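Asks: Below, each chain spelled out in residue letters.
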Amino acid sequence: MELPNPVLTASGCGGTGRELAQFSDVARLGAFTTRSITMAPRAGRPTPRMAETPSGLLNAVGLQGPGVDAFLQHELPWLVERGTRIVVSIGGGTAAEYAALARRLADVPGITAIEVNLSCPNIEDRGRVFAREGSAAAEVIASVRAATRYDVPVIAKLSPDVADVVAVARACVDGGADALAMINTPVGMSIDVDTMRPALAAGTGGLSGPAVRPLAVRCVWQVHAALPGVPIVGMGGVTTGRDALELILAGACAVAVGTALFNDPYACPRILRELEELLQRRGLDRLADAVGLAHRPAGSQQRTRTDLEESSL
Amino acid sequence: MAGSPVQVTGTVLTTRRVDAYHALTVVAPGIADRCRPGHFVTASVGGPNTSMLTRRAFAVHDVKPDYGGTVELVFGVRGPGTAWLADLRARDTLDLVGPLGRPFPLPRDPCTCVLVGGEYGSASLFALADALQARGCRVDFVLGAPSADRVFGALRARRMGETTTLTTEDGSLGMRGKVTDVLPGVIADARADAVYACGPMDMLRGVTAVAVEFDIPVQVAVEERMACGIGVCMTCVLPVIGDDGVTRMVRACTDGPAFRGERVRFEDVGTIPFDALGAPGGRHA
Chain A
261 MELPNPVLTA SGCGGTGREL AQFSDVARLG AFTTRSITMA PRAGRPTPRM
311 AETPSGLLNA VGLQGPGVDA FLQHELPWLV ERGTRIVVSI GGGTAAEYAA
361 LARRLADVPG ITAIEVNLSC PNIEDRGRVF AREGSAAAEV IASVRAATRY
411 DVPVIAKLSP DVADVVAVAR ACVDGGADAL AMINTPVGMS IDVDTMRPAL
461 AAGTGGLSGP AVRPLAVRCV WQVHAALPGV PIVGMGGVTT GRDALELILA
511 GACAVAVGTA LFNDPYACPR ILRELEELLQ RRGLDRLADA VGLAHRPAGS
561 QQRTRTDLEE SSL
Chain B
8 MAGSPVQVTG TVLTTRRVDA YHALTVVAPG IADRCRPGHF VTASVGGPNT
58 SMLTRRAFAV HDVKPDYGGT VELVFGVRGP GTAWLADLRA RDTLDLVGPL
108 GRPFPLPRDP CTCVLVGGEY GSASLFALAD ALQARGCRVD FVLGAPSADR
158 VFGALRARRM GETTTLTTED GSLGMRGKVT DVLPGVIADA RADAVYACGP
208 MDMLRGVTAV AVEFDIPVQV AVEERMACGI GVCMTCVLPV IGDDGVTRMV
258 RACTDGPAFR GERVRFEDVG TIPFDALGAP GGRHA
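Chains as they are written, first to last, in our numbering: chain A, 261 to 573; chain B, 8 to 292.
Bound conformation, chain A alone (with noise of 0.2 Å):
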C-alpha cells in the first residue's frame, strides 16, 4: 500500500469525508479512514453520548452510521470521485459478519484498505469486544483476509484495553492481518458530581484525546520492537507534527489524526506540514528513517547531516 503522505484520519471522525471537505481537500489527505461501516443502519446510543474530561474526550456514539447498503450507494462514490484514498473501517458482532461486509467490499473499486475495527461486542462471546483476545481477533481478521481481493491490504485496528496487546497483534498477522492500527479507545467514565449521574448515557465510553497519547506511543513502541517488519499506523491524540513524530519514532509508518479535527478542522494537512519541517530539521530526508528511530540503542546517536558535511574522510 503506497499513500502519497503519512496522515490519515482515523475512523469515526472524518464524518463521511464531504464534512471535512468544506475546509479543506479530501484527496490529498494520506487516507479518509471510513466510520465504522456496519451491515445494517444504526442509529446509535443516546445522548449525552460525549463528555469531556482534561486534555480528553469521552464519547459513546455507537457506531451510528447507514449501513453498507446506504454507504455504498451514497457515500463511498463521493470519495472515489475526488481520486480520496479510501480505508473502509469494517465492524460487526460476529466473525461471520465481518466476512460477509468483506465479501460486499470486495467488489468495489476505489478502496485502497479494509481496516478491522475488533473493539466490537462479540455477541458469540457475552459482548466481550474481539480485541481483547488474540483468538478472537484473529478468528475475524483471518475471515476478512479470506474474503478480501488479495491487492487490498487488511489492517487490524487494536485497542489498548488487553494485559498483553503483543500477543494480540502476533494473532492478527498470524491470522493474515497485513497492518496494524493503533490505539483504537479505551474505556473510560466521567461522572457529573452535579447531578449525580454519569455524564455518558451509555454509561462508560472511549476515551481520546491527548490524554491518551503516552499509551498509544507505548503500544506502538511494545508492538513494533516485537514485530519489526509489520506496518503500523499509530493514532491516539495526535494534534500536533511534534505528536505525529512521537508516534512515528516509537515505530508507526503513518499516523491517523481523530479527535484533533473536532477542534480544527484544518487538523491534517496542518499536522502533515508540521511533520515535515521536524523531519527536515532532523536531516531526515525520508520518513523511513525516522521509523522506530527511538528504538536504537542509546549512545549510538544518529549521524545528522553536519556530523557528515564537518567530516574530513
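The hints are simulated quantities; they were obtained by calculation from the structure and are not laboratory data.
Note that this is a predicted model, so its numbers are computed, not measured.
Each residue gets a CB set at the ideal place from its N, CA and C atoms; glycine is no exception.
Incorrect hints may have been included.
[Stated by the list, open to error] Between beta-carbon pairs, the in silico distance windows are:
#1 B:Gly75 / A:Gly353: 32 to 38 Å
#2 A:Arg533 / B:Gly53: 38 to 44 Å
#3 A:Pro529 / B:Glu269: 41 to 47 Å
#4 B:Thr278 / A:Arg388: 25 to 31 Å
[To be verified] Not close to chain B: a few residues of chain A, all C-beta gaps over 12 Å, as computed:
#5 Pro301
#6 Glu399
#7 Leu532
[To be verified] One side of the interface only, derived from the structure: several residues of chain A facing chain B at Cβ under 10 Å:
#8 Thr276
#9 Leu280
#10 Gln282
#11 Thr298
#12 Met310
#13 Pro314
#14 Ala471
#15 Cys513
#16 Thr519
#17 Leu521
Got chain A; can you put chain B on it based on the hints?
Replies: Leaving out everything else, chain B in the frame of chain A:
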C-alpha cells in the same frame, strides 16, 4: 448546510455584561459576510495549549460590517470553557469556525411571524427579525426566562416588534409564567402565520405544541451539546422525522439547528426511539 464555513483567528473588539450574560464582539471577516439568521459559530476555548478539546457553539447575535465584519456572541457562564470566554478582553484573539448549520428558512411572501426566545436563545432572533422585516413581514416577540436578569434583548424587542410580550417564572418582569402561557393569545391577536423559536428544549416542545394547535408552521432552533459543530463527531443527534416519515437520529449541527418543530420528536430527545432507523431491534435492522 452552510455555504462554506471558514476558520478565523478573530480579534475581540468589545466585551460587555448584559444582565446575567456576557456578549463578545469579535472581528471575523470571512464569517461575518456569510452569516444568515440562525447560523452559529464555534469557538476554541482555553488558548493554544488548552486541555478543553471540544469547541463551544454559539448562535450569532449580531453581524456588523465594521472592521471588515464582526460577529457578536451571547452566552452564560456554564463551565470552565465559557468562564474562559467571559474573561477575554479587547484585543485578545479567539479561534472561530463559522458560519455553521442550516439557517432559518424565510417566508416567500410578507406574513406575520411570532418570534419566541427563551433565556439567551433570543439572541439569534434579532437578525431574523431584521431579515423578516426587510421582506415586509410583521414581527411580534415573546421573550421569557426564569427571572428578569435572564431575559435577553427585551429593549431591542420592544423597538423592533409590533408587540412584545415578556414572561418570567418569578414574575420579576412582564407576565408571571412561561412563554407558552402567553403564546396562544399573541398568535391569536396578531393572526400570526408562522412561529420561530429558539431556547431550551422543553420550551421548544411547548411552543411547537401551541403552533400545531393553531395549525401554523413553526421553526425551532435547538441547543444541543456539540463537540465539533461541523458534523463529524455525531454527538449532537436528536430524533427527527424525515420527509419519508422515517425517524432518523440527525445532527443538530449540520441538519439543524433550525428544524420544523412538528418534525422533532421532543418526547424522545435523549433516547433512541424504537422505530428510528437503525434502532436496536427495530424494524429496519
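Asks: Confirm or reject: Leu532 of chain A is not an interface residue toward chain B, with every Cβ-Cβ distance exceeding 12 Å.
Replies: 17 Å, holds
Asks: Holds or violated: is there a CB of chain B closer than 10 Å to the CB of Cys513 of chain A?
Replies: 25 Å, violated
Asks: Thr298 of chain A was flagged as interface toward chain B. Is the shortest Cβ-Cβ separation under 10 Å?
Replies: 9 Å, holds
Asks: Should the hint that Leu280 of chain A touches chain B count as held when the rule is a Cβ pair under 10 Å?
Replies: Cβ of Leu280 of chain A sits 7 Å from chain B, so the hint holds.
Asks: Is the hint on Pro314 of chain A kept, meaning its closest Cβ partner in chain B is under 10 Å away?
Replies: Pro314 of chain A check passes; min Cβ-Cβ to chain B is 5 Å, inside 10 Å.
Asks: Looking at Glu399 of chain A again, its CB stays over 12 Å from all of chain B?
Replies: Nearest chain B Cβ is 24 Å from Glu399 of chain A, so the label holds.
Asks: Could you check if Ala471 of chain A really has its C-beta closer than 10 Å to a C-beta on chain B?
Replies: Given a least distance of 8 Å, the restraint on Ala471 of chain A holds.
Asks: Has the hinted range 25 to 31 Å been met by the Cβ atoms of Thr278 of chain B and Arg388 of chain A?
Replies: 26 Å, holds
Asks: Given a hint of 38 to 44 Å, does the C-beta separation of Arg533 of chain A and Gly53 of chain B actually sit inside it?
Replies: At 23 Å between Cβs, range violated.
Asks: Double-check Thr519 of chain A for me: the hint is only fine if its C-beta lies closer than 10 Å to a C-beta in chain B.
Replies: With Cβ-Cβ at 6 Å, under 10 Å, it holds.
Asks: That 32 to 38 Å hint for Gly75 of chain B and Gly353 of chain A (C-beta), does it hold up?
Replies: For Gly75 of chain B and Gly353 of chain A the Cβ distance comes to about 54 Å; the hint is violated.
Asks: The hint names Met310 of chain A as touching chain B; please verify it with the least Cβ-Cβ distance against 10 Å.
Replies: Constraint on Met310 of chain A satisfied, holds at 4 Å.
The earlier numbered hints that this structure contradicts are 1, 2, 5 and 15.
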